[in-house]
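Asks: Dock chain one against chain two, each of which comes alone in its own frame, and use the hints as you go.
Protein sequences appear in the order of chains A and B. Note that this note's numbering gives residue 276 to position 109 of the first sequence, counting from 1, and the numbers run on in steps of one. Note that this note's numbering gives residue 509 to position 137 of the second sequence, counting from 1, and the numbers run on in steps of one.
None of these hints come from the bench; they were simulated from the model. For clarity, every value in this text was computed on a predicted model and none was experimentally measured. Backbone N, C-alpha and C fix where the C-beta goes; we use that ideal spot for every residue, glycine too. Treat the hints with care, since some could be wrong.
As the list claims (entries may be wrong) - Pulled from the structure, derived: some chain B residues nowhere near chain A, Cβ distances all over 10 Å:
id	residue
1	Val-517
2	Gly-699
3	Gly-958
4	Pro-980
5	Trp-996
Unchecked claim - Negatives, chain A to chain B, calculated, CB over 12 Å:
id	residue
6	Ile-350
7	Pro-368
8	Ile-439
9	Gly-443
What the hints assert, rightly or not - With a straight-line Cα cutoff of 25 Å, these simulated DMTMM-like cross-link-like pairs (lysine to aspartate or glutamate) come out:
id	chain 1	residue 1	chain 2	residue 2
10	B	Lys-833	A	Asp-228
11	A	Lys-222	A	Glu-379
12	A	Lys-218	A	Glu-379
13	B	Lys-743	A	Asp-228
14	B	Lys-743	B	Glu-831
15	B	Lys-833	B	Asp-948
Below, each chain spelled out in residue letters.
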Amino acid sequence: MTISGAVAQLLEIALALAGAPLLLGWVDQCRARLQNRRAPPLVQPYRVLRKLFNKESVVADSASALFRMAPYAKFGCMTLACAIVPTVSTDLPLATAADAIALVGLFALARTCLALAAMDIGTAFGGMGARRDMLIGFLAEPALLMTLFCVSLITHSTSLANMVETMNRRPFGLEPSLAFAGIAFTIVSLAENTRIPVDNPATHLELTMIHEALVLEYSGRHLAMLEWAASLKMFAYSCIGLALFFPWGIAEIDTPLAMITAVPVLAFKLAIGGVGLALIETISAKMRIFRVPEYLATAFLLAVIGLLVHQLLGA
Amino acid sequence: MIHIDWILLIAGGWLLLAAVSLLVLRATRIVARWIFPAGAALGLGLLVVAIDAAFSPAEVAELLIGLPGLPMHLRVDALAAFFLIVIGAGACGTSLFCAGYFRTEEGTAPGLLSFEYHVFLAAMTLVVLADDAYTFMVMWETMAVSSYLLVTANHRLASVRNAGYLYLLIAHIGAIALLMCFGILQDNTGDYRFSNLRAVHLDPVWSSVAFGLAVFGFGAKAGLVPLHVWLPEAHPAAPSPVSALMSAVMLKTAIYGLLRVCLDILGGGPWWWGMVLLALGLASALLGVVFSTVQTEMKRLLAYSSIENIGLIVTGIGLALTFHAYGMTALAALALSAALVHVLAHAFFKSLLFLGTGAVLHATGERNLGKLGGLIRTMPWVAWLVLAGALAGAGLPPFVGFVSEWLLLQSFLLTTILPNSFLNMLIPLVAAAVALVVALAGYAMVKFFGVIFLGQPREEKLLQAHDAGSWERLGLLWFAAGVLLLGLFPTLLIELVDPVTRRLVGGGLAPAVQANGWLLLAPSGIDRASYGPIVFLCGVGAATLLGLLIARGLFRGTLRRAATWACGMGLLPVRDQARLQDSAEGFGQPIRQIFETFFHVSRELPAPSDVRPRYRVLIEDRIWLGAYLPIVRAVDAVARQVGHLQQGRISIYLLYSFLTLLVMLLLVRA
Chain A
168 MTISGAVAQL LEIALALAGA PLLLGWVDQC RARLQNRRAP PLVQPYRVLR
218 KLFNKESVVA DSASALFRMA PYAKFGCMTL ACAIVPTVST DLPLATAADA
268 IALVGLFALA RTCLALAAMD IGTAFGGMGA RRDMLIGFLA EPALLMTLFC
318 VSLITHSTSL ANMVETMNRR PFGLEPSLAF AGIAFTIVSL AENTRIPVDN
368 PATHLELTMI HEALVLEYSG RHLAMLEWAA SLKMFAYSCI GLALFFPWGI
418 AEIDTPLAMI TAVPVLAFKL AIGGVGLALI ETISAKMRIF RVPEYLATAF
468 LLAVIGLLVH QLLGA
Chain B
373 MIHIDWILLI AGGWLLLAAV SLLVLRATRI VARWIFPAGA ALGLGLLVVA
423 IDAAFSPAEV AELLIGLPGL PMHLRVDALA AFFLIVIGAG ACGTSLFCAG
473 YFRTEEGTAP GLLSFEYHVF LAAMTLVVLA DDAYTFMVMW ETMAVSSYLL
523 VTANHRLASV RNAGYLYLLI AHIGAIALLM CFGILQDNTG DYRFSNLRAV
573 HLDPVWSSVA FGLAVFGFGA KAGLVPLHVW LPEAHPAAPS PVSALMSAVM
623 LKTAIYGLLR VCLDILGGGP WWWGMVLLAL GLASALLGVV FSTVQTEMKR
673 LLAYSSIENI GLIVTGIGLA LTFHAYGMTA LAALALSAAL VHVLAHAFFK
723 SLLFLGTGAV LHATGERNLG KLGGLIRTMP WVAWLVLAGA LAGAGLPPFV
773 GFVSEWLLLQ SFLLTTILPN SFLNMLIPLV AAAVALVVAL AGYAMVKFFG
823 VIFLGQPREE KLLQAHDAGS WERLGLLWFA AGVLLLGLFP TLLIELVDPV
873 TRRLVGGGLA PAVQANGWLL LAPSGIDRAS YGPIVFLCGV GAATLLGLLI
923 ARGLFRGTLR RAATWACGMG LLPVRDQARL QDSAEGFGQP IRQIFETFFH
973 VSRELPAPSD VRPRYRVLIE DRIWLGAYLP IVRAVDAVAR QVGHLQQGRI
1023 SIYLLYSFLT LLVMLLLVRA
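Looking at chain B on its own, in the form it has when it is part of the complex (with noise of 0.2 Å):
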C-alpha cells in the first residue's frame, strides 16, 4: 500500500502548490525560487517511487471524495507506473526549467500560470492512476481544461485563443468518444470500475466500436492522423515549458489510455485492430515528418515532429496488437517495447528540444527560423545541450532516439511467417517505411539545428543574444543526461518495460537480455542481433582519438584564423553577407518538389517592376483544406439556419413554449 500513498501524496503536494501560488498572484520571485523548485522536487520524487512501483505487485486504493456514494478508484499496476515515470521525469526537468523561465511580462500572471501547470500535472497523474471511468474522465477533463488555460496564456493575441479554442474544441469531440466507449465497455451492469470492465465479456462486434471509439478518442489527443491538426497551432501559442510538458507528456497519457483499453481492458483483438493502428501511425508518422522539414517556425517544426513520433509509438503498438492477435508472445513484445522505449525516448528528446526553443525565445524574441542562426557562439550551453536532443529526434547512435527506432526494425525483421499471406506481404513495406521516417527525422533535425544555432546571425540583434540562466541550464542538463544516460543502458530501459509487456501482452525481453549482461542489448539472441552502445561510444571515441593523434602526428603545416570567404562579395555588409546562406525555406526546397502531393502550396512571386521584391511561400496542410473548413462551412451554415429561431420578440418565444407543450403532452398521451 505504500506507493499509491506516496503517489497520492505528490499529487496532493503539487496541488498545494497550486493553491499557495493563487495567494502570490504576482510575486513573481516566490513563483520561481520557491515554487517551481519544490514542484521538481515532488517530480523527481514521483520518478523514484514510479520506479520501484513498476517492479512492485499492483496495489488499490478508495477516495472517499466526488459524489456521494462514488468514490474514486485508484490503481497503480506495471503499466501505471511506466507512465507515471515518464510524468515524474517530464515534470522534474520542466519544472526546474520553468524556475528560470517565467517573468512578469508575460500575459497570465506567473501565480495563476504555476497554478494553471500544478493542476495539470496532478491532473495527469490522476489520469494515469485512475480505476474507474468517472475518475478518468474527470481528471482527463481537468488535464484538458487546466492545458487549455495553460496554452492560452498569453491571451491578448488572437492567434494565440483560436489555437486554443481549435485545442479546446477537438479534446472535447475526443472527451466524447472516450465516454461512449466506456458507456459501451460497462455493457449495461451500471459498473464503471475497470476491474468490471476487464470482467464484461464484449460480443465481437460491440468490442469492435469500442476500439474504435477508443482509438478516436485517444487518438484526437494524441495527434494521430486526421485528428492532428490542433497540434501545430497550441504548440507554438503555448510558452515553451507548457509545450514540452504537452508534447513530452499529456501526448503520453493518450497512448496510456489507448494501450489501457485495447490491451489490458480488451485484452486485445482480431488481427486488424493493430493493421488500423499500423495504418494510421504510419500515415501520421509519414505527414508529421514530411511537414516538419518544410516548416520555417521553430516550434511548429517541433510540434509536426511530435506527430511523427506519436505515430511511431503507435505503428509499434499496432504491430504488437497484431503479433498478439496470433499469440506470437515474444514478438509482441518485442514490438511493445519498441513502442514504450519510443515514448520515454521522445519525452526526453522533445522536451529538451522544446525547452531549447524556449531559451532562443527569451534571448532572442524571435521564432521564425528565418531570423535565427548562429547562436552557438553566443548561447554555447543551449545550442551544445540542445544538439544532444536533436540527434536523438534523428534517431542517431549512441543516443536514446536510436534505441527504439532498432527494437522498431528488428521487430519486423524477426517476424517469422505470419498464418497470414496479406500481412506477410505487408510487413516489409511497413518497414521500409519506417526506414524512410526516421531518415526524414534526420533531415528536419539537422535544419532545426542548424538553421537556429549554426551558420551567421541573420539579424543583428543576435548578437546580443545571452545564454540561458543556471535554473533554465539545469533543466536542459537534466533532459540531455536522460537522452545520453538512457541509450547508453538500453538493458535498464528494456528491464524498465518488462513487467508492463508481460502484464500486456504476456511476455518480456528481460530474460533474453539479462543473460548478455548490460553491456549488450540483444532481446533475440546475440548471433541473431546486438547492440552495445557503451562499446559503440568507446569505439567511435577511440578511433576519433585516433584520427586526432594521427593528424597531430603528420601535420606539419600551421593553423591560422581568417575571415569568411564570401564567395567575392566581402565587401557587403556583415548582415547581408548573413543573407547568402540557405534559408528555412531553402533548406525544405528538396522535400518540398519531392512530396509535392502531400502540401497544399501557395506562391507570392514578385513582378519584375517590384522595388522592394517579396517571394512569400504558404504551405497548408490539405487536410486541413478538405476535410475540416468543409465541415466549418457546414456547422457555419447550419448555425445561421437556426438562427431564424431567434427573433427577439416576445410573442414568438411564448409561441414556441406553447408548441413545446404541445408537443410533450402528445408524446405523453402516446
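The following block holds chain A by itself, in its conformation from the complex (with noise of 0.2 Å):
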C-alpha cells in the first residue's frame, strides 16, 4: 500500500460521504425545473438530515437488536461500496478486497439486512417492504452481474481497479456488447435506486411503495442513517456506471495533479448523469409492482444478449 493509494482511498470515502447527498439534491432540482415546479435548494437533503439528527427515534417496544443494527450496517456497506469503485483514482488499496461479484455481494447483503429488519417489527408493511424489496433484488442483482460480467469479458478481468483501467486505455470505438450492458445497467440502477418506473421515493402510497415501506418504522438517526445511505448507494451506482462506461478522467497514478483534476472531471459527469436520471423520471410513469418483473427481465436478457454478441463478434 502507497502512501498516494492511502490518500487517494481516503479522499474517495470522504468525498463520497460528503457529496452523496448533493448529487440527491441535483437530482430533485433537475426534476423539479423539468416539471415546471420550483426547485428546492440544491442542499435540501443536508437540510433533511439535520432535521433528523435533531428529531427523536422512536423504537417500537418490540423491536430486537436487528432492527437498531441494520441502519448502521446498510450506511457501512454502501460507505464500503463506494470506496471500492474507482471514483477518481484506480489505485485503491480497499479495492482488492473487493472485485465486481464481491461488490454485487455487498449490495445483497446490505438488502438482506434492511429486509430482515423490516421484517422485525412485525407490521403489515415492514413485511410488504421486505417482500417487494427482495423481489426485486433477486431480478436486479443477476442482471447486475450480467452487465458487470459483459465488461469483465471484454477486459479479462473482474477487478474494478482493472476493468476502468483497461476501458480508459482501449482505443475509442463503439463496442455493440457495451451498448445493450449500458442499456442493462440503467435499468437496474433505476430499480435498484428505487426510481420512478419501478418506485416512487416521494410517496408513501400504500399500494404501490417499496422502499418507504421498509424504512417506514424508522425515524429520527436511523431514518437519517437511512437516508444517506441511500444517497451513498445512489452515488455508488452513478460512479460504477461512469467508471465502466465513461471512464476518461479517472487518476491511474495518484500524483496530487492527477487526483485534483479527477475531481472536477468526476462532478461534471455525475451533473450530467443527474440531468440525465431527471429526464427518465419526467418522461416515464411509475409502473404496477408485477410490471416489475418484466422490465427488469428485460434489463437481464439485454445483459446477456449483451454477452453473446461479445462472444459471436469477438471469438
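Replies: What follows is the structure in C-alpha cells.
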C-alpha cells in the first residue's frame, strides 16, 4: 500500500460521504425544473439529514437488536461500496478486497440486512416492503452481475480497478455488447435506487411503495442513516456506471495533480448523469409492481444478449 | 499406514458406541450424556486425521472380514480424505447437538436411535474408504438402510412411514444402477478392485453407459432432478439432527461417488458428459430454489434448498468435466475447487439451519411457518447463530457460501475461448442461470429466517418458547463458527481442495493463491480477480462503526420506546395484530406468480357465505404428478393383473409347478 493510494482512498470516502446527498439534491432540482415546479435548494438533502438528527428516535417495543443495527450496517456497506468503486483513482488499497462480484454481494448483504430489519417489528407494511424489495433484488442482482460480466469479458478481469483502467486505455470505438450492457445497467440502477418507473421515493402510497415501506418504522437518527445510505448507494451506482462506460479522467497514478483534476471531471460527469436521471423520471410513469419483473427481465436479457454478442463478434 | 488405521479405529469406535447403546435402550441420560458426546469426540478425531491425510500420500489396507477369499480393500487418498473431513466435521457438531436433543418421548427408543445413528456414521466413513465395488456397495446399502431407520424414527405417523418408503425405494433403484455401473466398469475381468477398474480400458460407448448409470445411481442419492422427490418428504419426517446429517453429509457421499467414478475411475470423458451434468445440475438448482421459496413448512423449505445446493455443486463438476475434456487444466481445477468448496460450505450451513429447526421444533412443537414468528426474542442464541447460516445460505459475503459462489462465477468468466462455438454460446447463459439461482436463494433464506425468528409471534404459546440447552448451543456454535471462519480464510479452503483437484484433473490453485498471501483470494492473478474477506469484513465493520460515531455525534434528539403502530388497529388483541404480518404464503406469492409454470397449484377459495372462511393453496411438483404418479398407477395395474395368478387353491399351484417343470425340461432338451 502506498501513501498516495491511502490518500486517494480517504479522499474517495470523504468525497462520497459529503457529496452523495448533493447528488440527490441536484437530481431533485433538475426534476423540479423539468416539471415546471419551483426547485428545492441544492442543499435540501443535508437539511433533511439535520432535521432527522434533531428529532426523537422512536423504536417499537418489540424491536430486537437487529432492527437497531440494520441502518448502521447498511450505511457501512454503502460506504465500503463507495470506497471500492474507482471514482477519482484506480489505485485503491481497499479495492483488492472486493471485485465486481463481491461488490454485488455487498449490495445484496445490505439489502438482506434491511429486509430482515423490516420484518423484525412485525407490521403489515414491513413484511410487504421486505417482500417487494427482495423481489426487485433477486431480479436486479443477476442483471447487474451480467452487466458487469459484459465489461469483464472485454477486459478479462473482474477487478474493478483493472476493468476501469483497461476501458480507459482502449482506443475509442463502439462496442455493441457495451451498448446492451449500458442500457441494462441503466434499467437496473433505476430499480435498485428505487427511482421512478419502479418506485417513487416521494410518496407513501401504501399500494405502491417499496423502499418507503421498508423504512416506515424508522425515525430520527436511524432514518437519517438510512437516507444517507440511500444517497450513498445512488452515488456508488452512478460512479460504477460512469467508471465503466465513461472512464475518462480517472487517475491511474496518484499524483496530486491527477487527483485534483479527477474531482471536477467526476463532478461534471455526475451532473450530466443527474440531468439524465431527472429526464428519465420525468418522461416515464411509475409501473405496477407486477410489471416490474418484466421490466427487470428485459434488463437481464439485454445483458445476456450483450454477452452473446461479444462472444459472437469478439471470438 | 498410520492414517488409515486411525480412521478405521474411529469407525470401529462408532460401531462400539452403537453396540453399547443397544445395552442401554431406555436410559436416555446415558445415551445423551455419554454416548453422543463420545461420538462427537470421535468425529473431531476423524476431522483432524482426515486433514492430515489430505496432505499425505495415499494409503491402502485390507480387512480380512466378509466373504471367504474376498477381503475388504480400503484406501484413503486425497479425494477420500476431503470427504472424510466433511463427515468428521458434520458428525462432530451434529453429535454435540444430539446430546441435548433426543428425549424419551420420541417414537424409537433413544438407545436404538443412537445405534442406528452411529452405524450410519461408520457406514458413511467406510463408503468413502472403500477401494473395491463389493465393499462400496455393502457400505452404501448399510448407509441407506440405517438412514431409512433413522428417518422413520417417528414411525407411528403414517406420513413418516410413507416418506421412509419412498426414500428406501429410490435409494434402491439408484443402488441397482450402481451395481450395473460397476458391472460394466470391470469389463468381464471379474476383478472389482478400483485399481483394476481404473486400469481397464473401456469401449467409448460402454464407458458412456457406465457414466449414465453412475449419474442415475448417484443422482438418486444426491437428489438430482428428476430423482429429487424423496428429499422434501424424508427431511421433514426425520428428526432434525438426522436431517442435518443426511443433507449435509450423506448427500455428499453421492457427490463423492460421482467424482470417484467419473473423474477417477473413468478419468473424464467426452465434453458432452460435462454438459449432461451441467444441465442436470442447473435444472436441480433452479427447481430446488424456486420450490424452496414457496414452501410453508420449514424443513421442506430447507430440503428444497438442499436440492438447489446439490445442483450448484453438480454444475461445478459438469463445468470441470467439460474443461477437463478439452485439456484446460487450470479452468477445470477452478471449477472443481468451486464445487468442492461448496460441498464443505453446504455441509456447514445446512447442518446449522437444520439443527436450528430442531431447536425451534423442540421449543414450540411447530414446524409450520404460519404458526411461528418472533422467536429472536425468546430464543436469542438459536436465532443469532442460525442467522449466520441463513446469510451463508444466501451466498452473502463474508460467509463461506459466498466463496464457492465467487469461485464458480469466476470459472465461468475466465473461460478463454473453448474450441467449440456451441459451448461458447452456452457458458454465458449458464452463468446467468447460476446468478439467478443464487439471488433466489437469498429470497428463500430471508423468508426462512424472517418468518421464523422475526416479527410478532403468530401463536400465543410461542411466548413461552425456551432457548436451546447448552449441548444444543454447542452444536450450533460449532457450525456457526465454521461458517464464518471458513468464509474468512478461503485460502485455507483452497489449500485443502488442492490435493483433490491435483489428483482428479491434474492441476490446483494453491500455488497461484499462495503467491498472494493468505489475506487475498486471487486464483488467477491479482489483476484479474481478487477477494479478501478479512479486509472486506474489517472495511464493513469500520464503516459501520464510523456511521455509529457520526450518528452519535450529530444526534440531538432522544430515543424512546413505544408500542408498534398497527395502522389504527391498535385495539385488536395482540394475537390478531400478529396476523397483520405477511404469512409464509404471502411472502412466497411473488415467486409463485413469476414462476407459475413450475408449479401445479390448486386453490380452495371461501364462498361469500362461509362463517369461517378458509383460504388454502396447495402447491405440487409437476414432475411428481406427471412422471411418478403414472408409474405408480402402472405398477399398481400390473400388480393387480399378476394377482390373478394367486388363486389360493392348492390344485392351481400344483398346476403351476407342473407347467414350470415342463418348460424347464423343454429348455434342457433344447
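Asks: Failing hints, ascending?
Replies: 3
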